[in-house]
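Build the full structure now, drawing on both the sequences and the hints.
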Amino acid sequence: MLQGHQSWVFDKHPVIISTGVAGGPFEAAGALADDFDILHDDTWLGQESFEKAEKKLLEEACEKAIDKAGMKKEDVHFFLSGDLMNQIISSSFAARTLGIPYLGLFGACSTSMAGLAVASFIINAGGASHVLAAASSHNSSVNKQYRYPTEYGAQNPPTAQWTVTGAGAALVAAAGEGPRVTGATIGRIVDLGISDPFNMGAAMAPAAVDTIEAHFRDFNVDASHYDLIATGDLGRVGHNIAGDLLIKHGVDIPEDKFTDCGLLIYKDNQPVIAGGSGCACSATVTYGHLLNRMRRGEIKRILVVATGALLSPLSYQQKESIPGIAHAVVMEREGD
Amino acid sequence: MSNKKNKKLSAAQQEYQKFAKDREPKRPLLTNCLHAFIAGGLICTLGQFFQWFYMTYFNFTEITAGSPTQATLIIISALLTSLGVYDHLAQWAGAGTIVPVTGFANTITSAAIEHRSEGYVLGVGGNMFKVAGPVITFGVFSAFVVAIIKIIIQKLGGI
Chain Y
111 MLQGHQSWVF
121 DKHPVIISTG
131 VAGGPFEAAG
141 ALADDFDILH
151 DDTWLGQESF
161 EKAEKKLLEE
171 ACEKAIDKAG
181 MKKEDVHFFL
191 SGDLMNQIIS
201 SSFAARTLGI
211 PYLGLFGACS
221 TSMAGLAVAS
231 FIINAGGASH
241 VLAAASSHNS
251 SVNKQYRYPT
261 EYGAQNPPTA
271 QWTVTGAGAA
281 LVAAAGEGPR
291 VTGATIGRIV
301 DLGISDPFNM
311 GAAMAPAAVD
321 TIEAHFRDFN
331 VDASHYDLIA
341 TGDLGRVGHN
351 IAGDLLIKHG
361 VDIPEDKFTD
371 CGLLIYKDNQ
381 PVIAGGSGCA
391 CSATVTYGHL
401 LNRMRRGEIK
411 RILVVATGAL
421 LSPLSYQQKE
431 SIPGIAHAVV
441 MEREGD
Chain U
41 MSNKKNKKLS
51 AAQQEYQKFA
61 KDREPKRPLL
71 TNCLHAFIAG
81 GLICTLGQFF
91 QWFYMTYFNF
101 TEITAGSPTQ
111 ATLIIISALL
121 TSLGVYDHLA
131 QWAGAGTIVP
141 VTGFANTITS
151 AAIEHRSEGY
161 VLGVGGNMFK
171 VAGPVITFGV
181 FSAFVVAIIK
191 IIIQKLGGI
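Each protein sequence line maps, in turn, to chains Y and U. Taking my numbering, the leading residue of the first sequence gets 111, the next gets one more, and so forth. Taking my numbering, the leading residue of the second sequence gets 41, the next gets one more, and so forth.
By construction, these hints were calculated from the structure, which means they are not laboratory data. Everything numeric in this text was worked out from a predicted model, so none of it was measured. Take these hints with a grain of salt, some might be off.
Under the rule of at most 30 Å between Cα atoms (straight-line distance), these lysine-lysine pairs were calculated in the DSSO-like manner [unchecked claim]:
1) K48/U / K358/Y
2) K66/U / K429/Y
3) K358/Y / K61/U
4) K429/Y / K170/U
5) K48/U / K58/U
6) K66/U / K170/U
7) K429/Y / K58/U
8) K178/Y / K162/Y
9) K410/Y / K122/Y
Derived coverage of chain Y by chain U (criterion: at least 3 residues anywhere in the stretch with Cβ under 8 Å from a Cβ of chain U; other residues may be distant) [claimed, not checked]:
10) 265-274
11) 311-317
We treat Cβ as the ideally placed atom computed from N, Cα and C, and that holds for glycine.
Right under this line is the structure:
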């Protein structure tokens with residue numbers, strides 16, 4: 111149900127009945143290790159390639175989510191998933207294993223919330239009773255495709271970010287217990303001319319700000335409506351820029367309420383430079399850490415704004431700037 | 041950023057570029073230079089040691105010792121790359137580990153390892169020179185141009 115110009119309000123309150131979160135060794139050593147369901151100490155997961163390892167992570171996260179809900183794969187109506195690989199192979203190949211009717215999504219790192227928004231819309235409209243939304247990324251498979259070989263010795267600038275190895279899945283249902291999805295805002299592309307692929311935070315920050323402003327406008331609320339507003343993977347650089355941009359645009363979000371998944375996931379002593387990034391960044395932090403906090407009652411209503419940089423290795427070699435996008439989803443604690 | 045590039049951007053984009061630039065951490069140029077000097081210097085000292093070693097213990101001259109010295113450095117670099125150490129050293133050392141022959145060995149080894157999953161021919165063979173390729177292409181081309189210039193000057197009676 112359309113709300114304002116670019117938002118949906120979910121009046122039937124779709125429920126996230128369970129989540130599955132998987133991660134790699136770097137995430138196991140990170141700040142949120144306790145919030146992962148499955149952690150691996152081998153970045154290859156015993157697979158022959160990084161791509162297969164990523165697919166495996168996604169499969170595990172999905173199976174975990176279905177398992178935790180006490181359901182079978184056959185009971186899930188649709189599977190919505192995306193990743194960063196060419197032709198989103200991780201998602202499609204995981205869908206081949208799962209055998210659930212599947213729609214592939216590409217929104218780069220914003221895919222997690224794009225998937226959750228669409229899944230909630232389907233549930234709210236009565237299009238299904240159970241929809242699985244997921245996203246994945248793998249540090250090495252992403253580096254291989256977008257940047258340099260993993261072992262290549264190039265010096266990363268201080269604006270570079272570390273792609274999260276992991277996958278997050280949320281099982282959205284028409285009824286049940288768990289956090290409710292009550293609204294979503296679909297972002298538009300914002301491109302303010304940043305063309306450096308080692309500076310994704312600055313490229314995506316204006317998109318996050320645009321979506322947050324659109325969300326507040328469409329729902330006629332302000333930051334006080336939320337206990338926490340978390341962006342997807344802006345990292346330290348993008349987070350500071352987004353904070354200052356919001357102030358410039360007259361939008362007030364108190365500092366203790368405004369955070370970024372890319373800043374939460376790793377410890378300060380890990381060599382991630384400006385913070386985490388990748389599809390799995392917002393997916394694992396939201397479906398793991400943030401929803402766990404909500405289940406414990408520490409936070410009641412959150413807005414997650416997953417940010418994506420829609421570039422390709424080809425587009426930046428052809429000197430195209432980086433189009434940024436952000437999608438926001440509202441999650442609320444049950445009964446509050 | 042050059043002015044030529046800025047001209048293509050709209051006013052809002054130019055304004056944001058400045059806004060973002062003020063908030064981005066700069067590359068620590070002086071520290072990077074110092075690290076590169078130390079790391080590059082150490083690698084060269086190591087090379088010097090190998091040269092001395094091959095000249096003292098094997099019958100190499102100052103000129104012929106170059107080949108085994110380079111080969112030794114390349115093997116060490118390839119080993120450190122395959123053990124997953126070289127990229128961590130390089131984040132600290134920057135140009136210090138890229139410029140010497142060890143950096144060149146690293147580009148080829150890392151690409152070969154990375155694309156092993158696509159098979160030996162299309163994977164390793166096809167991608168080994170993905171990063172090093174431009175260096176070889178333009179290196180050979182520059183050598184060709186310099187050689188032509190040298191020949192022309194010699195024929196004209198110079199040198």
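Query raised in the report: So which of those numbered hints doesn't the model satisfy?
Result: none
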